[in-house]
Amino acid sequence: MKKSICVVCKKEKKGRRVEEDLYLEAIRKIKTRLGIAKNNTLVVCDDCIPKAKEKRRRFERTLATWAILATLLFVMLVVISQTLQSIFFSLVAAVVFILFSLLSYFPRVEEHGRKKG
Numbered sequence: 001m002k003k004s005i006c007v008v009c010k011k012e013k014k015g016r017r018v019e020e021d022l023y024l025e026a027i028r029k030i031k032t033r034l035g036i037a038k039n040n041t042l043v044v045c046d047d048c049i050p051k052a053k054e055k056r057r058r059f060e061r062t063l064a065t066w067a068i069l070a071t072l073l074f075v076m077l078v079v080i081s082q083t084l085q086s087i088f089f090s091l092v093a094a095v096v097f098i099l100f101s102l103l104s105y106f107p108r109v110e111e112h113g114r115k116k117g
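This note's numbering applies: residue 1 is where the sequence shown begins, and numbers increase by one.
Not one of these hints is a red herring.
Below are the DSS-like pairs computed for lysine-lysine, each with C-alpha atoms no more than 25 Å apart in a straight line:
#1 Lys10 x Lys55
#2 Lys55 x Lys31
#3 Lys51 x Lys3
Label pairs and their calculated CB-CB ranges:
#4 Thr32 x Ser86: 33 to 41 Å
#5 Val78 x Asp46: 45 to 53 Å
#6 Tyr105 x Gln85: 27 to 35 Å
#7 Gln82 x Ile36: 42 to 50 Å
#8 Gln82 x Lys38: 46 to 54 Å
#9 Lys3 x Gln82: 54 to 62 Å
#10 Lys53 x Ser81: 38 to 46 Å
#11 Asp46 x Gln82: 52 to 60 Å
#12 Asp21 x Ser86: 28 to 36 Å
#13 Glu54 x Glu20: 17 to 25 Å
#14 Tyr23 x Ser81: 32 to 40 Å
#15 Gln85 x Lys38: 42 to 50 Å
#16 Ile68 x Glu19: 21 to 29 Å
Calculated directly from the structure, the hints in this document are not laboratory data.
No residue lacks a Cβ here, since even glycine has one placed at the ideal position from N, Cα and C.
Using the sequences and the accompanying hints, generate a full structural model.
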């Protein structure tokens, strides 16, 4: 049986499930290939729900900020220098900017998720 681990307090508890998304799937695949996967069920316990919602809100705000900066950088570099190299560089830089937002990643909690134990 899988353990239910709270992603906030890192303790084995029951709680609302965390939505599996592309980022979590990628991490699970990497850990499986490295042989360090624990295959736990990720949850947020009832005590940590306010903290989890705040962390998710902060991540979404950070993602929006980096996306705006990436878009501005892309447009600015394309307008200033309309060479193919600058367009490619600005596209790569924009992707790197958006990847920076993943440093503060926090998964979404299922709103109507059933309790997992």
